[in-house]
Amino acid sequence: MTLQKKTQWQFVLTTLCITMIFMGEGCTNKQTQNIGAPTTTPAPAPAQAGQSASMFVSNNSTFSNVKVYSETNGLVWVPLEETSASIDFDLHYVGDSFTMGATDPVYSVKMNQTQAFVGDKPIELPQAPRLFDHKPYMTTQALSTLMGTPVNWNAQNSQVVFNPINQNALSEQQSASVQQHGNSTKQLQSLSVSNVDKSNLISYAQNFLGTPYVFSSGPYDSTHTFDCSSFVQYVYSHFGVDLPRSSQSQAQVGQTVDINNLQTGDLMFFYTPGRFANNRIVGHVGIYAGNGRFINTYGEPGVTFTDFNTYWRDRYLFAKRVA
Numbered sequence: 001m002t003l004q005k006k007t008q009w010q011f012v013l014t015t016l017c018i019t020m021i022f023m024g025e026g027c028t029n030k031q032t033q034n035i036g037a038p039t040t041t042p043a044p045a046p047a048q049a050g051q052s053a054s055m056f057v058s059n060n061s062t063f064s065n066v067k068v069y070s071e072t073n074g075l076v077w078v079p080l081e082e083t084s085a086s087i088d089f090d091l092h093y094v095g096d097s098f099t100m101g102a103t104d105p106v107y108s109v110k111m112n113q114t115q116a117f118v119g120d121k122p123i124e125l126p127q128a129p130r131l132f133d134h135k136p137y138m139t140t141q142a143l144s145t146l147m148g149t150p151v152n153w154n155a156q157n158s159q160v161v162f163n164p165i166n167q168n169a170l171s172e173q174q175s176a177s178v179q180q181h182g183n184s185t186k187q188l189q190s191l192s193v194s195n196v197d198k199s200n201l202i203s204y205a206q207n208f209l210g211t212p213y214v215f216s217s218g219p220y221d222s223t224h225t226f227d228c229s230s231f232v233q234y235v236y237s238h239f240g241v242d243l244p245r246s247s248q249s250q251a252q253v254g255q256t257v258d259i260n261n262l263q264t265g266d267l268m269f270f271y272t273p274g275r276f277a278n279n280r281i282v283g284h285v286g287i288y289a290g291n292g293r294f295i296n297t298y299g300e301p302g303v304t305f306t307d308f309n310t311y312w313r314d315r316y317l318f319a320k321r322v323a
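Per our numbering, the very first residue in the sequence shown carries number 1; after that it's consecutive.
Treat the hints loosely; a few may be bogus.
With a straight-line cut-off of 30 Å between C-alpha atoms, the simulated BS3-like cross-links for lysine-lysine are [what the hints assert, rightly or not]:
(1) 110 to 198
(2) 320 to 198
(3) 135 to 110
(4) 67 to 110
Derived by calculation from the structure, the hints in this document are not laboratory data.
Work out the full structure: start from the sequences and follow the hints.
Structural data, given as structure tokens:
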């Protein structure tokens, strides 16, 4: 082949290759693939730019210079991290799922999904949580629905204002949720009391002394960890009693017991003291072991016996008998 013809062929091949690139085919037989890439659509940018705001629980300031987003339709997006801290809860996440609580989950949400959970009970949010600038946000309307208490936006003063949460509101919210999903309030608040040897129950619970505590722990058989409510659930399941997963939902079952009539095996419920004394909602559960002690887990050293002393009496809410 002459040099002139060779040059002509090179020109033709180069032109063909460029054409194929623009057609999306490339210059090889391989096709570009996007295997396993996320398919979720990123949240649309808010109609208005973010602005600095302050956060309050009642008249108590919790944060300043918090970035919120306002839309032209009136929706105001509030950061979940500062929201959780404002009510003295921790915020934990796995992937795009977020949970708020003290020693076990109280609220659970997932990005871009309107279904959320209060304890174990599903509720429907008016707007799905979204990520803005890589941080989880919820609207004031969605937070009001989730927490069962008003969350308001004061545009004049650039303030997000939370009303304190109380256990009665949470209990009513869970009852309404169960009725909405086809069950009755009676089913929620009652539990068949079975004949369980309470001494054996406490002896069995002792087998787990020192088991590490992990917030929102997965199944014990795979994680070998507990949070407060998963420990209670696991112990009682060994004796054929099927309890809900969260302390919030466990607090809705069984028979209420007076503090002066506590028996071994009764569930004891506590609130977690924080910045605001009126946030008295269930945040912890343990099993009464007799002799003024209960067995529970909430941190180091994991599952342990705890004296029902003045500190815990000041946090005590109520007890339930479930077996």
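Check your understanding: residue 110 and residue 198: Cα distance at most 30 Å?
Key -> Violated. Residue 110 to residue 198 sits at ~39 Å, over the 30 Å cutoff.
Exercise for review: Below or equal to 30 Å on CA atoms is what counts here, so check residue 135 against residue 110.
Suggested key: 13 Å, holds
Point to revise | residue 67 paired with residue 110 [C-alpha distance capped at 30 Å] | key: 21 Å, holds
Practice item. Please work out if residue 320 and residue 198 have their alpha carbons no farther apart than 30 Å. Key: Within the cut-off at roughly 14 Å; holds.
Going down the numbered hints, you'll see the structure goes against just number 1.
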